[in-house]
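Colleague: Protein chains in written order, with the numbering used here: chain C, 263 to 651; chain W, 231 to 554.
Among the hints, erroneous ones may be present.
[What the hints assert, rightly or not] Taking lysine-lysine pairs in the DSS-like style, the calculated list, with each CA pair at most 25 Å apart, reads:
(1) W/K471 with W/K411
(2) W/K474 with W/K502
(3) C/K459 with W/K331
(4) W/K445 with W/K336
(5) W/K493 with W/K516
(6) W/K442 with W/K493
(7) W/K411 with W/K331
(8) C/K548 with C/K598
(9) C/K459 with W/K336
(10) W/K327 with C/K459
(11) W/K471 with C/K459
(12) C/K548 with C/K459
Don't read these hints as lab results, they were simulated from the structure.
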Amino acid sequence: MPTKLAITGAAAVAHAMRQINPDVVAAYPITPQTPIVEYFAQFVADGVVDTVMVPVESEHSAMSAVVGSAAAGARTMTATAANGLALMFEIVYIAASMRLPIVMPIVNRALSGPINIHGDHSDAYAVRDSGWIQLFSENSQEAYDMTIIATKLAEREEVLTPAMVNLDGFITSHGVEGVEILDDEVVREFVGQWEPKYPLLDIDNPITHGPLDLFDYYFEHHRQQQEGLKNAYKALPEVFAEYEKISGRKYDFLDLYRMEDAEYVMVVMNSAASTAKYVVDELREKGIKAGLVKPWVFTPFPKKEILEALDGRKAVMVLDRAMSFGKEAPLYSLVKSALYEAKERPMMGTYVYGLGGRDVTPTMLHVPFEDAIKGELDPNEERYLGLKE
Amino acid sequence: MPVNMKQLINLVEKEDWPFTQGHRLCPGCNAPMVAKWATMTAKALGYEPVVGAATGCLEVSTTIYPFTAWNIPYIHNAFENVAATISGAEAAYRSLKNRGKLKTDKPIKFIAFGGDGGTYDIGLQSLSGAVERGHDFLYILYDNEGYMNTGNQRSGSTPPGADATTEPVGKVKTGKVQFKKNIVEIIGAHENVYAATASTSDPFDFMAKVEKGLKHEGPAFIAVLAPCVRFWRIPESTGPKVTKLAVETKYWPLYEIDRGVYKITRKPRNFKPIEEYIKSIGRFRKALQHPEYKEMIEEMQKYVDTRWERLLKLEEVTKGMYLR
Ligand SMILES: Cc1ncc(C[n+]2csc(CCOP(=O)(O)OP(=O)(O)O)c2C)c(N)n1
Ligand code: SF4
């Protein structure tokens, strides 16, 4: 029987990790990811799990150690946020190129500078081209579920690609909510045993991991990585369906909220989607056909699903919790490019909100809808929600 | 039982080379000797070596995809993180063994190779972290006193006067002014560690230390002076001859720090002046012509003499005082 616990998002993720019981966890603390590592360390200290934990001296070494561990053949996890992810950056790419199914919760936090410990998505966006699968979660329940889903997905033979599970710093990681925790055996059976094909520790069949890859093969290997992500795109619906069977919770590439007949659609990721849903409800009560699209999957980017969801709508307002200096905001530019093939292109607007953990209020989220209803969207003008002028 | 010639010959006769020929290191390079001797020693002792390497000459020249010179499991990750990488692999080994998931019951030993750049400089944090955490692994530094792979730049190990492209000898400067960072004492100062120097001039001393390092339960570190023939500007066949001079001139004393206890493993009967060593290496040629050359040599001589005296005293006072 699943149990309902009132816990933080960090604790929910740590419980998922406890149930997955990875062979190795190497991690380094950084606010607001720290409680994940602390909870998990306590599970290790109490003998609740027999994971070997490597309390490294930096995130760079955390990512390096998990590469060593995963290559050795162990199911391996780590977790980080913002500057930690930035310090890992070099090895984040290497992990993907070595096709190691590492799972890494990212507690989204603003990427310095200036230094700020609160949430935005600049960290996740910074590694969007690193070759990792990137899942996003609105709340603690989703963060828990996605951690389990990511493990199953990353290890599929045709995928073999590391996966990040994003959850918002403080809002999700530190906020207490009711979270339904599946039975330990159910999770264990779902994720199964990890059987690596070419582990470093197979001493009878020695192989060379991480060789020098010059111009004669590098290109082909990148092409293969692309295949892994294409396969992840194909495998995701299956894994979601399997997960629905054990949990009753239905996931998809996109969370479509009141979208059947929606004319004015907001696109936003993670926790702000909760507030956006509330705003959509308010507008619906007034008879305005508002709707929301929340991507659960950012990489592989569900371009086709976005097109299907948004083609023919009156207006699409994309909200980014990060900037791309000198360019269009990351999610906006991807949604916009997905709509290139739309039969009936909607009006579009681009909004940046909540940087560095700035509060996101319903009043704020009404603004893009109001702009759309008034017909005042400008696809080339980046607007800022809640910015002090 | 220390590793002996017979065991090595057995291996050679079986043609069971853990590190094979066919790599693309320069002829005369001393790095492959280090890799070969270390992995052969491990094999001869009945261990299965699992190897990691940092980016550098040894790595780029031995694993050009789809070829590899490694006949044993090998992993390269990046430049500065071989110690962290191998510590992850070692943690995986412990975990999988513990959980009964390991497919073999042969004794595995982890060996990390790094150049001086990847060890003294950019990789020091990762190395110190791994050593401090007490992973069971042997780190072997092949010290060619510079970044050779990227074209002879200075490292924390480059000696004064040696020409390096990022700190060249010029009209007003005799190249780098600092002496080498004392990496062995830095690592030796960690807890429960076996740390030693070795030289390509003395393979048996090196192999004995490799054996000690492998048998030591916990981290072990060996710094091997291993010339780069190319940027040291020495004839191809003379690497070990030059490192012999390094030992005889006190430039590179052979010693170990075993859990805090110092021991000099080679005490040359007749020391030679440091100048002889300097003159044997083309890399110092420009410094030789520098107006401040004399002062530089005097300073170096004083330095190596003092350090030798210091080593003797440390050997005396730490005798038997194992920290563990
Ligand atoms: C983060 C990073 N910085 C710089 C480099 C470039 N680089 C590759 S190998 C190397 C020098 C290696 O020197 P060393 O460790 O002494 O080994 P050697 O080449 O002498 O064998 C440098 C600077 C790199 N690969 N990664
Ligand atoms: S450049 Fe020097 S260190 Fe590199 S392979 Fe050649 S001789 Fe060896």
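Colleague: Take the hints in turn and mark each one as holding or not.
Modeller: Hints and how they fare:
1. W/K471 with W/K411: This hinted pair holds, its Cα atoms lying about 23 Å apart.
2. W/K474 with W/K502: This hinted pair holds, its Cα atoms lying about 11 Å apart.
3. C/K459 with W/K331: The hint holds at about 14 Å.
4. W/K445 with W/K336: Roughly 15 Å separates the two Cα atoms, so the pair holds.
5. W/K493 with W/K516: violated, 36 Å
6. W/K442 with W/K493: Cα-Cα ~13 Å, so holds.
7. W/K411 with W/K331: The hint is violated at about 42 Å.
8. C/K548 with C/K598: Distance ~28 Å between C/K548 and C/K598 Cα, so the pair is violated.
9. C/K459 with W/K336: holds, 20 Å
10. W/K327 with C/K459: holds, 18 Å
11. W/K471 with C/K459: Status violated; Cα separation ~45 Å.
12. C/K548 with C/K459: violated, 57 Å
Checked against the numbered hints above, the structure violates hints 5, 7, 8, 11, 12; every other hint is satisfied.
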